[in-house]
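K.L.:
Each chain, letter by letter, is given below.
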Amino acid sequence: MTVARQDRGGALVLAIRGEVDLSTGGRLAEAAGEVLREAGGRPVVLDMLGVEFLSSSGLGVLVSLNDEARSIGTPLRVVVDQDRPVMRPIRTMGLDDVLSIFGTVDEALAG
Amino acid sequence: MAEPAAETPAPGTISMVLMADPVSLSVVRQRFRVWLADLAWPDEEVDDIVLAVNEAVSNAVEHADAPGFASEVRVAARQFSESDGGRRIVVGVSDNRRWCPPGVQRGLGMLMIRTCMDDVRFESDHEVTTTLMTSVRVAPHRRG
Chain A
1 MTVARQDRGG ALVLAIRGEV DLSTGGRLAE AAGEVLREAG GRPVVLDMLG
51 VEFLSSSGLG VLVSLNDEAR SIGTPLRVVV DQDRPVMRPI RTMGLDDVLS
101 IFGTVDEALA G
Chain G
1 MAEPAAETPA PGTISMVLMA DPVSLSVVRQ RFRVWLADLA WPDEEVDDIV
51 LAVNEAVSNA VEHADAPGFA SEVRVAARQF SESDGGRRIV VGVSDNRRWC
101 PPGVQRGLGM LMIRTCMDDV RFESDHEVTT TLMTSVRVAP HRRG
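Line order of the protein sequences matches chains A and G.
For the first sequence, our numbering gives the first residue as 1, with consecutive numbering after it.
For the second sequence, our numbering gives the first residue as 1, with consecutive numbering after it.
These are calculated hints, taken from the structure and not from any lab test.
Every residue gets a Cβ at the ideal spot worked out from N, C-alpha and C, and that includes glycine.
Take these hints with a grain of salt, some might be off.
[Said to hold, decoys possible] Computed Cβ-Cβ distance ranges for the label pairs, DEER-style:
| # | chain 1 | residue 1 | chain 2 | residue 2 | range |
| --- | --- | --- | --- | --- | --- |
| 1 | G | A70 | A | T104 | 45 to 53 Å |
| 2 | G | G86 | A | S71 | 45 to 53 Å |
| 3 | G | E72 | A | G26 | 57 to 65 Å |
| 4 | G | P140 | A | E52 | 26 to 34 Å |
| 5 | G | Q30 | A | E38 | 44 to 52 Å |
| 6 | G | D118 | A | D81 | 21 to 29 Å |
[What the hints assert, rightly or not] Here are some chain A residues pointing at chain G (derived, C-beta under 10 Å):
| # | residue |
| --- | --- |
| 7 | D21 |
| 8 | A29 |
| 9 | G50 |
| 10 | L54 |
| 11 | S57 |
| 12 | L59 |
| 13 | P89 |
| 14 | S100 |
| 15 | T104 |
Next up, chain G with everything else stripped away, as it sits in the complex:
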């Protein structure tokens, strides 16, 4: 089988740049649902990933200096397999604002992310804050 062309995203990855505006939320949810369905992700775990991504993007939108066209939120995710074939999704959500995540995470949104994902961490670098989330493990994808 031919290798995908260079501009074709690798299988098992997704990335998008969104306006830092609440209207972007339904877009990101829909794109993740379609992508995870393609990866044959189990329904309940899809709901959890979509909930967590929605909360992380909501945080980024709320931290944006100037909501709308002037600010962007970048979302990228990939599937990875563990040595025994178990699978997880890693998602990064970045905004172009340096905000310091509180040492003790508060708020319903952060609680939702922590409940729906196995691991959450933050990286702040210059003018970018990234929320990095790792999903719970799901069974290997059985083909055919």
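Only chain A is shown next, with the shape it has when bound in the complex:
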């Protein structure tokens, strides 16, 4: 898994690629948590279009980040390809109603 950070249009975009599981979820939590705390109210976009696998531990990380973002008043937007295997676990766990999900980074930036 790799995480790349980019400041774009007044938002912080974190592009995640690869597989998010028990071995990599901790790094995602750390990197995204840091960005959330630095955002100072600017929207944070998690671009997960390059994610090929997402386990329950990865979903747990997304839920924690979502909770933290709410508590500090920072919008957290998650970009997921609707047809990819990543959407399956999100829907299975009913997180499509919990997370702010977008189909493209541009849509997420527009809010």
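For this one, chain A is given, so just place chain G on it according to the hints.
P.N.:
The following block gives chain G in isolation, referenced to the frame of chain A:
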């Protein structure tokens, strides 16, 4: 056609012994993807089996006494055909630790396994806990 040699795994089976460490997860996922592709398993059902196996192995890794080389996780699976030709996969994931699965299964991982598989049960025997999972049924394999 010649019978496979004794040490050759029977067609439609797979087994592996993994280190009880999170790094083993990508290995088991990859091996199941290749194996299920060989069995011409439908893509969406492959994703579900891989998700469920990943969660069961994650549980075993998290329950390991001493993560890494000192503990092992054993994974074995086979395809079986029903009388009308419909097919399923049965997967067993064992770790060398006796842990009692809670009566009411909680947690996202267990929910994921139950959603992705048709049946899940646990067997605890001496120092081994096995998660036994049966996949949903898929259509017979049409050859040619």
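K.L.:
Work down the list of hints and note, for each, if the structure agrees.
P.N.:
Structure-based check of all given hints:
no., hint, in the structure
1, A70/G <-> T104/A: 45 to 53 Å, "46 Å, holds"
2, G86/G <-> S71/A: 45 to 53 Å, "49 Å, holds"
3, E72/G <-> G26/A: 57 to 65 Å, "23 Å, violated"
4, P140/G <-> E52/A: 26 to 34 Å, "29 Å, holds"
5, Q30/G <-> E38/A: 44 to 52 Å, "35 Å, violated"
6, D118/G <-> D81/A: 21 to 29 Å, "27 Å, holds"
7, D21, "5 Å, holds"
8, A29, "14 Å, violated"
9, G50, "16 Å, violated"
10, L54, "9 Å, holds"
11, S57, "6 Å, holds"
12, L59, "6 Å, holds"
13, P89, "6 Å, holds"
14, S100, "19 Å, violated"
15, T104, "22 Å, violated"
The structure fails hints 3, 5, 8, 9, 14 and 15 (numbered hints given earlier, in ascending order).
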